[in-house]
Each structure stands twice: as C-alpha cells, then as structure tokens.
Amino acid sequence: MSIAREAYRALESIVGPEHISEDPVTCRAYRTKSYRRETAYETICMAPECVVMPKTTDEVQRIVKVCNRYKVPYTPTSTYWYATSSPKKPNELMIDLKRMNKLEINDKHMYAIVESGVVYGQLQQEALDRGLYTMVSGGGSQVSVICNHINQGWSPLNYRTGLIGRRTLGIEWVLPDGEILRLGSLALNEDDYSWGEGIGPDLRGILRGASGWMGAMGIVTRLATKLIPFQPERLEPTGISPDTTLMLPQNRIRWYNFNLPNRESLERAMYELGWHEIAAAATKVPVLWRYIARAKSKEDFWRLWSQVTPEEIASTHILRILVVGYTSEEQLDYEERVLMDIMERLGGEFRRTKPSDESWIKNADSAGMWWMTGGYVSIEYVIETIQHGVKQGVAIADLKKKFVPPLVNDFGDPGWFQAVELGHGDYSEFLTYWDPDDKEYYKADQMYLETMKLNIDKGFYSSFLNAQPIWLTGPAFGPNYHLWQIRVKKAFDSDNLSNPPGLECYDEIVERSDHLTRDWEKGSMEEVV
Amino acid sequence: MVNPPKLEQYQYDMERCIHCGGCRWVDHIYTPGVRFGVKCPSIARFEFDEYAAYGREEIGLALLKGELDYSPRFIDAVFQCQLCGACDAGCKRNLDLEPLLTLETLRARCVADGQGPLPAHKKVADNIAKTHNRYGSPHKNRPQWLADDIKPAAKADMLYFVGCASSYTATSLAQATARILQASGAEFMLLGGEECCGYPLYATGQVDAFIKQMERNLEALKKSGASTVIVNCAECYKTWRVDYPKVLGKSTADMGFTVMHIVEYVDQQLKDGKIKFKNPVEMKLTYHDSCNLGRLSEPSIYWEGTRGKYGCLEPSKEYRRGTYGIYQPPRDILAAIPGVELVEMYRHHENTWCCGAGGGVRDANKDFALWTAQDRLEEAQDVGAEAIVSACPYCKENFSEAIKNGKEKLKAYDIVELIAQAMKVRGGKR
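Protein chains in written order, with this note's numbering: chain H, 1 to 529; chain G, 1 to 430.
Please note that a few of the clues may not be correct.
The calculated lysine to aspartate or glutamate pairs, modelled on DMTMM-like cross-linking and capped at a C-alpha distance of 20 Å, are [claimed, not checked]:
(1) H:296 / G:314
(2) G:65 / H:42
(3) H:55 / G:314
Please keep in mind that the hints were generated in silico from the structure rather than gathered at the bench.
Construct all of the structure, not just a fragment, from the sequences and the given hints.
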C-alpha cells in the first residue's frame, strides 16, 4: 500500500525529494512504540506509508492542503511521546516537524516564540540565560514545547508559573483543512505574538480545552509562551552521566523535604503554602520514586523495594517544597521562615535534601519511569482541587489492588500530587508499572478502563478525556461535551484526516483489544449533527 | 575463546527502546539551547528517524523478526553513523539498555548476511590484509616515522603502539609521542612489524577480519613481553582496551596487559613532578573529547548471566555508561601549560559531538564526516577558541580538512604537539 501517486508527487514538490520518503525502512523507523508500549495501543498503532518533513509554516499548510485534496490521513508529530503520535489508519502520511526548530525570545516582553521541533530543555536554558524561566513538563525535557502546550503541560513549577493555558500567547495554527488561523495579537499583526487574547472569541479553548486533541485538530506551527522572571544566579550543570545535576545557588534556591504525620496534614500544608503565597513548587511524590533515586542499579532497586512494607508507605507523607528567592535573598529567608512555622505547626519532620536538581527545573526524567520494569503508564492525570487529588489518589490506589500482580505493588501509595497556582488547584497523576513480558500485562489496560469507570462512579474528574472512550466518558462528564467535541471536529475537519481516528481513538482500541470489553453504549459520530 | 556478540542478544534492548530521544539530545542538564543541543551527528544530518539510534533499533528489530528486508536505505541507515556512542551515553543516563552494542552488532549482522561491508570499507579491509595498514601503503614504510633522535629499546615493559595514522600520515604525532616518552625518561619498545589495530574492521562490521587482526596483534604483544601498551590514537586505545576483550568474551582487567593513552601517562608524570612544562603556549584552546578516548573508553566488563522478571539481570551487570572515560587528564595537561587559556565547548565529556571521522564514515562518506567536523568547528568558534585540540590523529585530520575547506580561522592540534612544545622537545608544532 502507499499514498496516491499524485499526492506523493505534490508533496515532493513542496519539500523536495530529500525531505520525503516512503521507503519501508523510513516508515518502520517511525512506527512509534513509545509511552504506552505493550498496552492496547499496540493494537491500533502502525507504521506510516510515507513521511514528510516540512521546514516552514508555508510548507505545512501546503502539505495539509494536499492531504485534503487527495484525502490522505495524516499524523503530525515532532517528538512523539504518545502512542497517539503514531499512525492508526492505513495509508497515512506522517508529518515530522522536527526540522521546524526555531526559537526566538523577546527579552523585553518576556515571551518565547517556538516552532514545533523545539523541546523544553532547550527553551528552559535559553530562558535561564536571560534571567527568565518556564516550566519543564513532567513528560520530559525532550518533549516538544508546542505539543505539550496544546495538550497537557503539567509540572510542579506550575505552582508558581500558573497553568500552561494561561501562559500561551499568540498562536499560528494550520487548521485541519489547511487554512491558517492566527490567534491572539497575531490576528491583527503577523509579527506580534505578545498577547493571547485576540479580537472576538478566544479560540484557545477550541484548540486546547482541558487537555487538547492529540493531533486531531491540525498543526500548530508557531506558538508564543510567556516566560517568568527568575532569580539572577547561575544554575551550574555538574557531574557525568548518569549522575548529572544542576547545582542550585543556595542563597536563592533551596529544596525542603518534610514528612508530615498523615495525609490530612500534608494536604493542609499544601493549602497553607498557597495561603501564605510562598514557595515555587510543592509536590508529594510516590514513595517508589524515592527508592529509584537511591538505587544504584535496577537489581538494586528491586532488592531495596522488596524490603518495603505497607506500614512504611502508610506512614510516609513527604512534601517536597522548592523555595526561590526570586527578588532577593531576603525573600528566600522570609519564605523559609514562614515554611518552618507552617511545618512546626503541622508536625512536619524536616528531611535532608540535596542542593541540586535533576528532575524538575531543567531536566525531567520521564524516560526513567521505564527503568525498573520496562512497562509504565500514567493511568490518570487530573487538574482539580488538592482535596480532590488526595481523595482520587486513595480511591485509585484501592482499585489498583485488584490488578496487583502484574502491576507493581506500591502498597496503596496514592500517587503523585502537587499544588498548582498557589494551592488554588492540584495536579495529580497515578502511575503504574509492570513487566511487559508478564503474560497478564494487559491488566494495565483493564485498570486504565476501570479507573475511568471509578471516576464516573465516584464523581472524580479526569484531565485525560482525550485518551479515553468518548462514548463512555462523554455522556458521564457532559452530559453532552462529547457531542460538542464531535461537532467542532466536524466543523474543522469534516473528512477526519487529522490524526484519525481522533476522538474515537480509544473506542477503537477497546473494539480491537481481546482484553477489553465495552459495556457502554457506543454512538455514531456520523449521526451527530 | 572468540565470542563476538550476536544481534539476538540485543533483542530485549531493541524492544525496550521507548523513543525518548535520549540518544539524540545533549543531556538536558547540559543543553545550551537549540543550537548545539543535539549530540548525534547522524540524525542531525539526515533527519529521518532511521538515522537515530531509536530508529535503527526499530529497523534492527524488524530485521530480526523477519518483518523488514535489506535494502539500500537499510544499509545506508546502518552505516551512516560514526558509532560515536553519543546515543549510548544518553540512553544509559536513564535506562539499562545497550544501543551502541546493538548498532555494532547490527553492522556485523549486515556483513555476515552478505549485505556489507560498503565498498570503501572493503577497500580498507583489503589494504589491511595486504599491507597491514588501512591506507594500502607498503608495510616496510611503517617505521619511517622514526627520526634519528628517537631511540626505542629492543625490549621494554612499555610498548608504544603507533597506529596507522601516526605511522603513515601524521608522523609528527608519532615523533612527538616518542620524544615525550623519551624526555620523561620512559623506556619503550616498538612492535616489530606493527600492524593495524583492527578498528576499521570492527567498526564496519567485518568481525571475522577483525578477529584475525586482533589475534595477530595479541600474539605479537605476547612475544614482545611488554605489559603496557601505550598509544596516542583514541581508536587504537579503544580497540586494545575495549574491543579485544569484548570480542574475546573477557574483561579488560583479565587481558594480562595494560592499555594507556599518552595523556594518561603525561598526566601522571605531571602530577608526580617528573614532567614540567617550561615553554609557554599562548593560545585560547578548547579541548575536543575524542569519542573513543572519552565516553567509549571505559574498560570492557564481561558479563554472562540471565535476564529475569522486570528485565533484571542475574548477576547484576555493570554497564559502561561513559561515566569513567578519559576526560580530565587531557584537560589537566592543557591547563598546566603556561599561556594556555582553556575554554569548554557546550558539548563535552560524555555529551561530546563527534569529529565525524569514526565508524568508517570518513572512508565511505567524506561529506558527512566533514559536515560533522564543521559543526564542531562552529561550536569551538562560538566559545571563542583559537584552536581545537584533540587526542586522536583522526580527529585532527578531519578537523584540519574541514578548516581547509571552510571559513573558520581555527587551528587544529593534537595534544601531543602542544605537550611536546610545552616540554621543549622536538616535534612540537605551532
């Protein structure tokens, strides 16, 4: 199989013969197996039939128009950290955006304009060089800044920087049909990225909503993101792999770890930090991660983890807090004193920390999540309240017991949660690990599906709706948000060419998987008008 | 017993690659930003994913499973790579996988299946078979680098293995190395009838020819009675220190001899006060970590065992992650030379950008080799260096040619030239 010859020739004329390939070797190399590998996504992901590599927005626009003219489904990608970045329909074109790697920073107005191929590690360093900073996504420093801005964008640093949607400014967006839409101040002036709210309705909600379209709504080619003033001292990279780290200037940046007496006091501490408007990040990490950090090898990790008891997990409530003296050393001293007062009142026990950072500020080691077992997936991501995050984590941890083994037993740990926007919200994430060679590996998928049902049953929210069966969660959370999503999709992409199956991706996965059962009514996109 | 690895041994590694791009990007802790933020020359130059380690692992896996056949594109993807190990160090920062061994073995598989070597690599192999050097120059000319003032011993504990480049095309480096050894009071011998170390064979998947070459060299070393092999070439260093034991199924520590690069020797002599740098070298320099002396030079540690639950190994394996490469000695040496101002490039130590010459690339695709060198020269200029210094004749050769072809005002040196100048021994070069 291959894409139509006319379409191929048209694409070739756009990018030149050196930037298009339908060689089976190229196509196989693009068969994404990342992130959700060895899960039910494997039933739907396939290699593309052709790969094209544009360099400019103009090329992207012309490519998308060719796809529309010849009805070629396409999947846009740049750093493909999701299985949804893999083609899922026969005869698909993959539009690899890695050549679009321009980055401009406007120092005066403190924003960066990025193209699709720029990744977080690069943006953060360029910002730090100018006394500014942004967050680095939990997805990793290797993640495309644009992709993450229009899909998720979670990080502990959101505690101070605010959620990513609020920092997104001018956007250049090639719609699924190939038209270009410019949002924010770009709508008035093609050189002005400084302003997010443009004339008329703010279409950032259409582009991203709570958590985006996973490539099913065209291609954002350029986007501006607000940068935040940082402190002036240099963060010094040090060490040799695998022990590289960023040394923090202790007069300006410090980590603090406190073990709180119980979950309630930990939750209370998160609120109080926000009430007093101190700190730059406040996060509770899974106990398992602490063992990863201690282990010298994978085998060493399992030796250590095998000694963990449920009692240890139940009594470990560590809150990890980053404090930055943004304006002065005095600010750091002040915030530290407030922090100590809060912790003294709540019974927080101070734990030793390193004067360095290897996982939040510039580097985010998402790849290391696969280190101990080879199989990993985050079952749930949620932006809600701190209280919600804690309760949902406990409930999902309880659910998880049904799936252990093959899932790694972490003895009821409620996962990772953190305060965002000075405690006005919470980000929580529930992680699972397993051995991909385990014959019951598919139970990870079953738990994923059961978690959705748990959310519906208990009234928990999910920010992961873009990777769930729309006919299950749509009616439950809407009751009709999925119908509006379908209408929007049809209005922008009537032929469903942009990363199909798009909205019904997980519905198709459930249909194809031998291990998942649909017990909800499935509607028809065609019938939605 | 000869025990070259097989592709099947790396199926787990290929399957467990998660396409995170750790093989592509400079460690994010060290990344300078967009420019110079990539450390794999192959994906930077050819851009399609089959030219990154994650893509090669995918097509290697497909080959192993019979889902993909050999084709010109397959062979191109496998051989357009310097085997510089940037991918390996990057991957192993977070994961326990073996991308470089996988790529090496994939090349060997291509050759074993009659799909390689590339014509240029075959020519080099023929040269080595006929004349015992990669260039095809007469074997009798090999010792012609020896100047009258250089007096090797007939027998010594230290054997200076000169290598092809320093014997034939960069003879001043051999002379400088020998004079440094002499000036420090070291007694050294040469290997009568020295032959190529075999690097060009192993790196291009010609494992059978490599094994023969290795066996000849090991036999010659045994006959010499020397217990230390000293080299000034990073490729020779890695071959003797890492590849010989690896192919033999041994650890470096069990080989019965020590391999030392001249920078290790000089560094030790400096620290012991036996060498002094008297002559100033007024220059702003940047040091280029040769891949084979840096991240790829850790000793081979033989491992045999089984893989169990969660991929855990029994017994536990000590991975070569590039942590303990020879990074500091050359920097300490250069810093000790009066007048030298040493500046660091953005990509250094295990994150270094290859000079472009390795892995058979300079033989088979000189344009790519020089493109790679050019990128490094731009980096050196960006940090304000007047000269780029390496510790491998092939790095210097490739940089020099790129400088000649390009606009950079830089100079390229091998570190032994500067050491010799600082020690005031002949062979130093400005």
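Hint check:
1. Straight-line distance between C-alpha atoms of residue 296 (chain H) and residue 314 (chain G) comes to about 15 Å, which keeps the hinted pair within the 20 Å bound.
2. Restraint check: the Cα-Cα separation between residue 65 (chain G) and residue 42 (chain H) comes to about 17 Å, which is no more than 20 Å; the hinted pair holds.
3. At roughly 48 Å between alpha-carbon atoms, residue 55 (chain H) and residue 314 (chain G) are farther apart than 20 Å, so this suggested pair is violated.
In summary, the one numbered hint that this structure violates is 3.
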